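Chemist: Protein chains in written order, with the numbering used here: chain A, 1 to 336; chain B, 1001 to 1336; chain C, 2001 to 2336; chain D, 3001 to 3336; chain E, 4001 to 4336; chain F, 5001 to 5336.
Worth flagging that the hints you see were computed from the coordinates, not collected in a lab.
This structure is a prediction, so every number in the text was calculated from the model and none was measured.
Cβ coordinates follow ideal geometry from the N, Cα and C atoms, glycine included.
Mixed in with the good hints there might be a few duds.
In silico EDC-like links for lysine to aspartate or glutamate, alpha-carbon gap of 20 Å or less [what the hints assert, rightly or not]:
1. D:K3160 with D:E3188
2. A:K91 with B:D1050
3. E:K4225 with E:E4178
4. C:K2048 with D:E3098
5. D:K3091 with C:D2264
6. D:K3116 with D:D3181
7. B:K1091 with E:E4323
8. E:K4261 with E:E4214
9. D:K3220 with D:D3264
10. A:K91 with B:E1053
11. E:K4167 with F:D5074
The following label-pair restraints were derived from C-beta to C-beta distances [said to hold, decoys possible]:
12. E:M4108 with A:R336: 52 to 62 Å
13. C:E2292 with B:K1116: 32 to 42 Å
14. C:E2323 with B:R1071: 15 to 25 Å
There are 6 protein chains.
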Amino acid sequence: MLRLAPPDYQRFIQAEHLVSTFGGGEANVAVSLSNFGIPAEFVTRLPKNDIAEWCLSYLRRYNTGTQYIIRGGDRMGIYFLENGAVARASKVIYDRAESAIAQIKPGMIDWKNIFKEAQWFHWTGITPALSQGAADACLEAIKIANESGLTVSCDLNFRKNLWKYGKSASVIMPALVEGCDIILGNEEDAEKVFGIKPEGFDVTNTGGEVDALEFESVCKQLMGKFPKAKKVIITLRGSINANHNTWSGCLYDGEKLFQSKCYDITHIVDRVGGGDSFMGGLIYGLITYPGEDRKALDFAVAASALKHTVYGDFNLVSVAEVEQLLKGDGSGRVVR
Amino acid sequence: MLRLAPPDYQRFIQAEHLVSTFGGGEANVAVSLSNFGIPAEFVTRLPKNDIAEWCLSYLRRYNTGTQYIIRGGDRMGIYFLENGAVARASKVIYDRAESAIAQIKPGMIDWKNIFKEAQWFHWTGITPALSQGAADACLEAIKIANESGLTVSCDLNFRKNLWKYGKSASVIMPALVEGCDIILGNEEDAEKVFGIKPEGFDVTNTGGEVDALEFESVCKQLMGKFPKAKKVIITLRGSINANHNTWSGCLYDGEKLFQSKCYDITHIVDRVGGGDSFMGGLIYGLITYPGEDRKALDFAVAASALKHTVYGDFNLVSVAEVEQLLKGDGSGRVVR
Amino acid sequence: MLRLAPPDYQRFIQAEHLVSTFGGGEANVAVSLSNFGIPAEFVTRLPKNDIAEWCLSYLRRYNTGTQYIIRGGDRMGIYFLENGAVARASKVIYDRAESAIAQIKPGMIDWKNIFKEAQWFHWTGITPALSQGAADACLEAIKIANESGLTVSCDLNFRKNLWKYGKSASVIMPALVEGCDIILGNEEDAEKVFGIKPEGFDVTNTGGEVDALEFESVCKQLMGKFPKAKKVIITLRGSINANHNTWSGCLYDGEKLFQSKCYDITHIVDRVGGGDSFMGGLIYGLITYPGEDRKALDFAVAASALKHTVYGDFNLVSVAEVEQLLKGDGSGRVVR
Amino acid sequence: MLRLAPPDYQRFIQAEHLVSTFGGGEANVAVSLSNFGIPAEFVTRLPKNDIAEWCLSYLRRYNTGTQYIIRGGDRMGIYFLENGAVARASKVIYDRAESAIAQIKPGMIDWKNIFKEAQWFHWTGITPALSQGAADACLEAIKIANESGLTVSCDLNFRKNLWKYGKSASVIMPALVEGCDIILGNEEDAEKVFGIKPEGFDVTNTGGEVDALEFESVCKQLMGKFPKAKKVIITLRGSINANHNTWSGCLYDGEKLFQSKCYDITHIVDRVGGGDSFMGGLIYGLITYPGEDRKALDFAVAASALKHTVYGDFNLVSVAEVEQLLKGDGSGRVVR
Amino acid sequence: MLRLAPPDYQRFIQAEHLVSTFGGGEANVAVSLSNFGIPAEFVTRLPKNDIAEWCLSYLRRYNTGTQYIIRGGDRMGIYFLENGAVARASKVIYDRAESAIAQIKPGMIDWKNIFKEAQWFHWTGITPALSQGAADACLEAIKIANESGLTVSCDLNFRKNLWKYGKSASVIMPALVEGCDIILGNEEDAEKVFGIKPEGFDVTNTGGEVDALEFESVCKQLMGKFPKAKKVIITLRGSINANHNTWSGCLYDGEKLFQSKCYDITHIVDRVGGGDSFMGGLIYGLITYPGEDRKALDFAVAASALKHTVYGDFNLVSVAEVEQLLKGDGSGRVVR
Amino acid sequence: MLRLAPPDYQRFIQAEHLVSTFGGGEANVAVSLSNFGIPAEFVTRLPKNDIAEWCLSYLRRYNTGTQYIIRGGDRMGIYFLENGAVARASKVIYDRAESAIAQIKPGMIDWKNIFKEAQWFHWTGITPALSQGAADACLEAIKIANESGLTVSCDLNFRKNLWKYGKSASVIMPALVEGCDIILGNEEDAEKVFGIKPEGFDVTNTGGEVDALEFESVCKQLMGKFPKAKKVIITLRGSINANHNTWSGCLYDGEKLFQSKCYDITHIVDRVGGGDSFMGGLIYGLITYPGEDRKALDFAVAASALKHTVYGDFNLVSVAEVEQLLKGDGSGRVVR
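Using the sequences and the hints, build the whole thing.
Modeler: Here you go:
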């Protein structure tokens, strides 16, 4: 998607120009990985025009593979982002009607070929939200990935404003999530998509820190519902205000709940893509530190905490920078 | 439409931000008129979101009426503009699929009420190009305008990339143009829409100045085809290169062909909206100098020559500035 | 006034350009109201030049009425604003000598006609500070407003650097405030203009939060002095530093003191116009929720807390956004 | 003066920021000289505020002396500049009412002390246009300069919008010009200030090149009127349009008329300050090449032709660059 | 190299920021080719720091291969560019002392491996100008390329300010050029490097158009000196001024001189990299149209004429755009 | 040095332009002093090119003397700065290889002449880190300063990435520091250069506030090692994160340790140059308040706390602003 955002804290009505970057759930994860040195291909459908060429060029900046992207359709999805401040919330206006990816159908992408050399397939709940065709194509990909022996991960990523083609997330998502080895979500996703609530935890509470322990019940319920899943991960955002969040996560491996450190992000630069950078960090961690789930979780949380300091959807911090933070140095002292 | 353009002469692939303005054929004419002090209402359909609010605010800057704009639909049309230079052409990428105005249907707008106090209705060939519904709504408006005794004008404005809903301009346009008192177009419009060619004139010639006299035959043929028309006007652009054009026009009143001065526009700031500013100047002239077609034509050409020095789709020059140019002062000397 | 400010946190001496917006006490209140959907006319005097046309266009963006603005005089008032940070204070340099509004005299504006359809007249202590003529014209307006049965409100808005024409605020203001139904001010205004001090409260204390209860005595003293007043409102700003303020207010209706929630504004975008947005919110609240003073006060405080997140003098948040904050959601979570 | 200009070719009504530089007739000449290595002091009156400090800092960038600038008064003069294009003229809006320099009176500046080490005093017709006090102070300076044996030069610089204090240029200027050794002006100045017209030359002609020879009669008449003058210089601007001018000059030494080469300036960057850069180049030339009037004239014309390629009022080209152009190299080939 | 340039036509002394792009002779050719769809690897040496990472990312935007770039050394070369206008020349300030590429030595790059799959090797006269090591490494590459059967091309690219390590171009270059199949240069290169002058042609003439026929003698002399060369190509720039150049070229194949059309580039956006884009177009042409030297030459000239409309060192126009210009359409009409 | 920094919080890889300012340890101190009204000359070596002229112009803005700067050498030092946020650290990339100052040798600067009218000489540990020549020239200056009776101060300023010419700081620095009357450093400098550690204090702790009392031992050890020193000053930075620091300092006069207030800098604008602004404030204080070390220290800490709110290396706050903060007003309330 083309992301268009007024600079600084301008409202749309004040804008004279829109800062143009590219992003979107799956692209953000792919860029995270290629940026960390893990080869990653972003697979999607884009129209044949100069805006799409611009998008391809943008992805190449960060070494993300674009060779399997198919071309066709009328337009690229756009989202408009207005950056909030303090008690004024950021706003996202989706402009995805009739985008090339929304018009996709099963059979268009040659998943078998793509998966030949691959070991991992990641998808998010945004794709099946776009259209029946996108949901079908997503399911097709998951099935072929399962057959090809790939690890399959998903980010539930519930966006209520996207599900507009007549089916709800609760109807479509179960068949897709069934094929997943790793499920990531936040408190709201679990409830809105599967009706799963933590016990004794008030999800309408939007301010302050949250108690991660209460999410163990969510994880267990998810794993019960989707027995293929080996790990369930929950991201925990405490929204003190639009500039100041806390950020942590927990990972449940079917037996234990690992809970990460909680980062205090006092001067957010850009929080969009935070969850995707978590997923990117998690996949990096699970691949790099096999069998060390805590290390993978810690890496994911630190990587995505740092993402909040980078403008745009993409997480452009290095592995060395994440490791520095993991060593406990969040002082921000000048490196020279 | 939201217009998004890289700054200066950047290509899309180089852009880090897009300059955001609003424009479009009919809006440009409405702004021209309100800017010249003629009350004008822009009538269209816009979605209910913050991008549309921004558009309304933008129109109000120039005193253009927005009270009859209806709200609904998914999205606003967008066009991307890449500014060319010398031999590199400017590029427009339309992104209008499923825009609110493309989804319009007859009956949605209360034309009778709108026309109650009005004396003039103007439309362009862009609207019927969008969808069958838009073509039907346009025809509805023309008929009610005719019944209400308004002067009806149109700009043929043929855009081959827009006619995509299964009908061609040559099928749809005749019924619409039939209701018009005043028809404006350029050489290409007449040929592409109605197959009308000037005799002995090579329309594939894209460089240098053109000989206006050869267009008399075009005017006569158009008037023969559409007998309600009282005036046919042709704009004449000589494209020396993307920075340097000549600009003039001629008006045929059924008897005589008036031909304007030809302006040499050596350092174009923005040529998009040039034809619309011509139409705006013409309507201003015909209303302000009734019975003085030459004066109206001269005003239109001078106004639109000045438009080429103003960034954006809208013509933001004053009547006094047009009159100064009409007096022969194109020296650009500092006014202090 | 034209407002000219270096971008970001630049000092004047570093600036290469100045961000240009328009603002000023009364204009800010008018824009607040029209932005909330309450028809409002801004009445002032502007010169006949392109800078004033620009100002008019700017006001129209936000639907604020400009039809009663009279034209004449030499120049428009300007203020230069340098945005402070942490312990470095923001600086305002007024450049209002011989502005069109400072040269105004009674009789220039046809208040009777303007007030024919109006129900409310608001003025601020800035206008009578400019010149004897401006003070006289302000008094004239208040008297005619009283005669015409309008509600009259004022914001005391004491600015020591403006009172330069030989009369002090304490001499001029009483006659003006006498005609007011609603008086708004802060702790400093009451003391500097009328010598009214809260008991036991140290007004030289500039840091940290303030205790609103001590202002009840100020309200009572003001109401005692100006018996026409039905409500006295005090805005309470706690200046922790230039980026971090607390913000609340209290309203005294002659019997009870209502005290609002206190907002913690940790990352201010722009605090200029904060008081004006309070007044705009208050008038909106008093009109929209008649008889519900607490609700009006709460709306005013929430609206103006949000103003601190919007660049420029004007408060460009929607009623829905204020209501969201009033419901307790100050989390700034992304809306999508 | 603070100069405020929308960027690129924006109209005021489109501007979101104004590019801020400093300039003005006498300052521009002083900067030209200090930039060429001739020590120069700019003498004026500025208020005691941060905008004036900013101005002082700006002058120091180019090594211009500021030690004799006195401080006081309310405000600094401002001018707003809108950059024209092709047939749309640039616009200057003066905002100089009650500026510190307009409030000056004789006796405020200690000219005797300033002139102690000086050899040249230059003034322009803009200063006496501001107020009676400024005209008186200017006359005072000229007299003391004459007594102190300095060369005195002036640029007539007629600006009709400035003479507003009840006296016309034709009444005030003669006494001032009487004290001058060197008089510079253009065709319009001579006519508007002294009623001197060239024979057989149509000064209302604003387009194209002008014939310098016809100005000999103007020079002779000026020298006849002001017998102290040893040289009269006329700048000749041919305004093809706002982007394209021709530029030359002629110098009359009482006997011969030297006429310079005519430069074709096809892509003007900024023409404001063109005349001042001519004067700066001329003073440099007369000091550096004593007795070689042609060389001084040629240097002046080449220097000011180059000024048209530099943004802002100031001429920031080097002596080496002027000399390169004087050698005939106007090719603009990259120097590397 | 990192290229740092003040925006628009600012002089360095006016700049508040520098536009940052990357470029340099060989990189520009590589980008031209990859942009036209010809796989190309840029081979160089860059330090191990974030500035070099940025450079790599920048090259990837345009699909240029970076896999053979070796890492080491202290710093990246920089060049500062000041954009000239009209008679004021653009200025390049090289800042390449101790750059990673200047510190290169033979043996550092594994040319044999790199050339395994390659068919073409291109170098420019800038590399051997940097240091003895760079000259030696360049010679090493040419020899291995010859052995590996690659076509070798060079651009003489004489820059007098670079040859500072004690050897002159005339001493170093012959051994390098000896290995070339294709030699490109301009009039100045041939004279300054090899002392070859066209007969009867005044190379000090910097303005206006040049007569290409006189360069046949230069081509013949070059081919006589370097018998391996199969084609000699000369670019012909007519510098009317910094904004307006003419541009053409001629190719000598040992028998005939092909001379291209001459393009009139009236509003240059960026002329740096013009020669490199010629070379890129030529290699594209020679590969794509084997045996059709005229077509290759025409493509090269048209491609590089279009380069003058693109900001930065790189030529970002498409093959389709070049072909459109070759068909004779230089009108710059809006494509929509 | 030329300082080049991406705007806002961009990473290098995202940058399209670099904000260009000038700075460096000694220059920053000189600007601090001249900005506070203390005449100060910056003495260094710069190349003869336009980038150096730009630097000179930049220094003159703030009244800093440039008359003793010698010219020669290849290039100016550059440093690239990436602004960090929260837990992401700012990064400085030095690009100083072969800079003019690194190539300096004793005898190049005429210190005797420069010191004739001077009373103070300040140097920093950055200069001897550059090259043996620079270290030698620095020692030469210190010796002549001692002979000439100047007060000599130094800032230890250890930068591990600079010491690359084969000698370590611990070898070079002692001879230089021996000549100093006043020594300033932070905890890290003392340890890294002289191996001096505070007792019981963990210097690897990078977060939170630090306990200044533990530094008394550091001061005593330094004074013991360098008996000429009359005062040792330590700056204390608590790095909560990249946006939020605490800042204080302590001064030891051989008998007592004065400890300043600790400022909480919650929204840093630019922390680079913080230590230099401390030194600038300290020298100002020691000169202005002789014998009042506490006052000098307090001034230094307040001045440098305010520096953190000013973009660029230079501290551009006024004495009045520092005094306001010293009076306890850090509220940042708007001054109008």
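Chemist: None of the hints should be skipped; say for each whether it holds.
Modeler: Hint check results:
1. For the hint linking K3160 of chain D to E3188 of chain D, the alpha-carbon distance of about 11 Å falls within 20 Å, and the restraint holds.
2. Proximity of K91 of chain A to D1050 of chain B is assessed by CA-CA distance (about 10 Å); at most 20 Å being required, the pair is judged to hold.
3. A threshold of 20 Å between alpha carbons decides the hint, and for K4225 of chain E with E4178 of chain E the separation of about 8 Å falls inside it, so the pair holds.
4. About 18 Å separates the Cα atoms of K2048 of chain C and E3098 of chain D, which keeps this hinted pair within 20 Å; it holds.
5. The straight-line distance between the Cα atoms of K3091 of chain D and D2264 of chain C is roughly 46 Å, outside the 20 Å bound, and the hint therefore fails.
6. As the CA atoms of K3116 of chain D and D3181 of chain D are separated by approximately 19 Å, the hinted pair is consistent with the 20 Å bound.
7. About 16 Å separates the Cα atoms of K1091 of chain B and E4323 of chain E, which keeps this hinted pair within 20 Å; it holds.
8. Only pairs whose Cα atoms come within 20 Å are accepted, and K4261 of chain E paired with E4214 of chain E is accepted, the gap being roughly 16 Å.
9. At most 20 Å may separate the alpha-carbon atoms for a hinted pair to count; K3220 of chain D and D3264 of chain D exceed this at roughly 28 Å.
10. Of the supplied pair hints, the one linking K91 of chain A and E1053 of chain B holds, its CA atoms being roughly 14 Å apart against a limit of 20 Å.
11. For the suggested pair K4167 of chain E and D5074 of chain F, the alpha carbons sit about 18 Å apart, so the restraint of at most 20 Å is met.
12. A beta carbon spacing of about 29 Å between M4108 of chain E and R336 of chain A contradicts the range 52 to 62 Å that was offered as a hint.
13. In this structure, E2292 of chain C and K1116 of chain B meet the distance hint of 32 to 42 Å, their C-beta atoms being roughly 40 Å apart.
14. For the hinted restraint 15 to 25 Å between E2323 of chain C and R1071 of chain B, the CB-CB distance of approximately 21 Å keeps it satisfied.
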